[in-house]
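Student: Since chain D is already given, all that's left is putting chain X on it; use the hints.
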Amino acid sequence: MQTLLFKYAFLVSILLTIVSCSNDDTQTVAQFTELVMQDEFDADGVPDNSIWTYNIGTDTNGWGNNELQYYTDRSDNVKVENGVLVITAKEESFNGSPYTSARLLTKGLFEQAYGRFEARIQLPYGQGIWPAFWLLGADKQEEWPQIGEIDIMEYRGQEPTKISGSVHGPGYSAAEAITKTYTLPNDRFDTGFHIFGIEWAPDYINFYVDNVLYNQITPGDVTGEWVFDQPFYILLNVAVGGSFVGSPNNETMFPQSMLVDYVRVYKNDNLN
Amino acid sequence: MKKEFFLNSKYPILLSLIVAVALSCERELSEEVEFATFPNNPEIFIDGFSGGLQYFPFAGSKFDAFDVDTEVKYSGTSSMRLDVPNFGDPGGAYAGAIFPDQTGRNLTGFDALTFWAKASQAGTINEIGLGNDFGENKYLVTKSNLRISTAWTKYIIPIPNPEKLTLEKGLFWYAEGPENENGYTIWIDELKYEQLGTIAQPRPAILNGKDEVRQGFLNDQTALSGLTQTFNMASGLNETVSAAPAYFDFNSSDVNVAQVSESGLVYILGTGTAKITASLGGILANGSLTLNVSGSFDFAPTPSRAESDVISIFSDAYDNVPVDFYNGFWEPFQTTESDDFSIDGDHILNYTNFNFVGNQFSNPTVDATSKPNFHVDIFIPGTIDPAVNLLITLKDFGADGADGGGDDEIQQIFFVSSDFVQGTWNSFDISITLTNKNRIGQIIYENINGSPLSNFYVDNIYFFNE
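Chains as they are written, first to last, in the working numbering: chain D, 1 to 272; chain X, 1 to 466.
In case anyone wonders, no lab produced these hints; they're calculated from the structure. Be a bit skeptical, because a hint or two may be false.
[As the list claims (entries may be wrong)] The list that follows gives simulated cross-link-like pairs (lysine-lysine, DSS-like), each with its CA atoms no further than 30 Å apart:
id, chain 1, residue 1, chain 2, residue 2
1, D, K162, D, K90
2, X, K118, D, K162
3, X, K210, X, K192
4, X, K73, X, K192
5, D, K162, X, K154
6, X, K138, X, K275
7, D, K90, X, K210
8, D, K140, D, K107
9, X, K192, X, K154
10, X, K210, X, K164
11, D, K107, D, K162
12, D, K267, D, K140
13, X, K154, D, K180
14, X, K192, D, K162
15, X, K154, X, K138
All values reported here derive from a predicted model rather than from experimental measurement.
Just chain D, same shape as in the assembly (with noise of 0.2 Å):
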């Protein structure tokens, strides 16, 4: 009797085991399930013009950040290869500056505002190598930041286990935005891809990677107007030095590319 007792446990135990070791890829942490846009990136080549389009060059002091990097559409900076999406930063003179990258939006193309927002994404690393899944607000009529900005993903290639989500609205930008970083548990973000998302509703944005949900923030949250209620747009970059990140610098090795698997755009079900 005792011996059966002792087998049991251990049975038991290497079953709890496995099942909390299991890669469960279904997101608890999000609701929203109605699928309104979506590109997995099957077709190899360029990008979906109906849904993506590019910024290119430095605009002003380096897109307002001081980036380094020149923004091009070459497939050198963006293609879409083994299905999935590869943006490639490059150490190369290019226009006048030190390196080049891709940035694509979905601006004029795809705007929406609330639901979910994902992409499952695997990550480049470095000093000084700054990659982003962020939207914009779509209104013509205002300027950053009344605009809005929401930023589902930033990372700093120097900080290769942390990323952070942010919001950004008037009198509550760049430095002073709202933000949270998640650091991934005993593993890092430019080995395996991984799941970037928020869930966006008229009186929350909710941050997740992977199936944590490590953010939430309300109207309550933000020091300033709640900008959060009018139709957004997608951006996908690796921007390279800038105020956020810092500089590249002699360890950091180039051509550095971020792989984007998908992106999955929801309805926010509980509107109709």
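Tutor: Using the frame of chain D, we list chain X on its own:
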């Protein structure tokens, strides 16, 4: 459902345990079952030595450098205290030891050796790592020049490829000498193996990542150096450790020309060109060695004079007298470097980037009174430029027996390009015309009159009696 779980299980070790339990279900489950199945205890020193751990200091080190300290510790009840001796300590010149487990442990489940440490003053630990077992040291890992501070800090030494460590005995080792001749104390605590999961982006290298091209000679062998593994750490910083050859898989582009042993020794077997590359854990290492082999090395003629008729400065045929140096690296005007080599046990001096260079033997000087002739063999690789103009100077240090002092005497021997035959060794026997030749202390070689001589070999430098 259950069947599927068994088929898809990623945990064969757990499965084997279940099988083991099932087979032994007549008996009580005991702790020994687990120990026999998993010799993978990650702990080395937490509050004392883990089971099976031993401590062996290096020969020449201070044998009592190690102690268990219950006063100073990072956590728990005690730490390891390492007392680095002062310069001149009769007990030993440095602190250093290995910490083996003679049973061996399976470390394949860990990606790093980690510990907390602090010191009584900021210092730089010369060498610290794992894989030193006073045996083959097959999987030696060395972190050189580890900076240590006076605050408790966690240090991480990444394992180049944990898959190799199925049975490792050398769990930890270190060697550290005085800092500016002063001893100090290092405390190490929570010393163990961990699976951090954040050690990534491996970039192995051989020859420190350089692509080298060398002339090779038949039957020669050369060791690959500069074997390292670099990881990007959770801190965002890159960490490089030296990794033993056994972590690498070596490849030769032409095995008829050169082959590499598991221990990283390159054997030259045939003529032609071979490129040596390596990989670690399936990742191609930076750096390569391209060997161009045109044939055997052309050795200088073996001297035939009797040992008793010779005072040898540099030769494998005779016992050499004490020599201060074959290249004094005289600053600031000397550019000459040494790239000396040996083939089949025959040592050859090779002067490169030559302008001038000296051999010195001042302690004692040489009395060549009864052996009043000078011999040297010189080989100039490649084409001999017509403008070559080489001066060899023999210097007798005079009555004071020291360089300088106004009593030195020199003999100058001039060579021009026509004195040398291309593609072969040139042997010179020169009679010494110095008035006094009983305190000869230097032989100086120099380019004169704009001579372009840059690279040459020298062998069999001696004084003799016909």
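Student: If a hint holds in the structure, say so; if it does not, say that too.
Tutor: Here is how each hint holds up against the structure:
| no. | hint | verdict |
| --- | --- | --- |
| 1 | D:K162 with D:K90 | 23 Å, holds |
| 2 | X:K118 with D:K162 | 28 Å, holds |
| 3 | X:K210 with X:K192 | 34 Å, violated |
| 4 | X:K73 with X:K192 | 15 Å, holds |
| 5 | D:K162 with X:K154 | 19 Å, holds |
| 6 | X:K138 with X:K275 | 25 Å, holds |
| 7 | D:K90 with X:K210 | 23 Å, holds |
| 8 | D:K140 with D:K107 | 11 Å, holds |
| 9 | X:K192 with X:K154 | 11 Å, holds |
| 10 | X:K210 with X:K164 | 25 Å, holds |
| 11 | D:K107 with D:K162 | 28 Å, holds |
| 12 | D:K267 with D:K140 | 23 Å, holds |
| 13 | X:K154 with D:K180 | 26 Å, holds |
| 14 | X:K192 with D:K162 | 25 Å, holds |
| 15 | X:K154 with X:K138 | 27 Å, holds |
Taken one by one, the earlier hints fail for this structure only at number 3.
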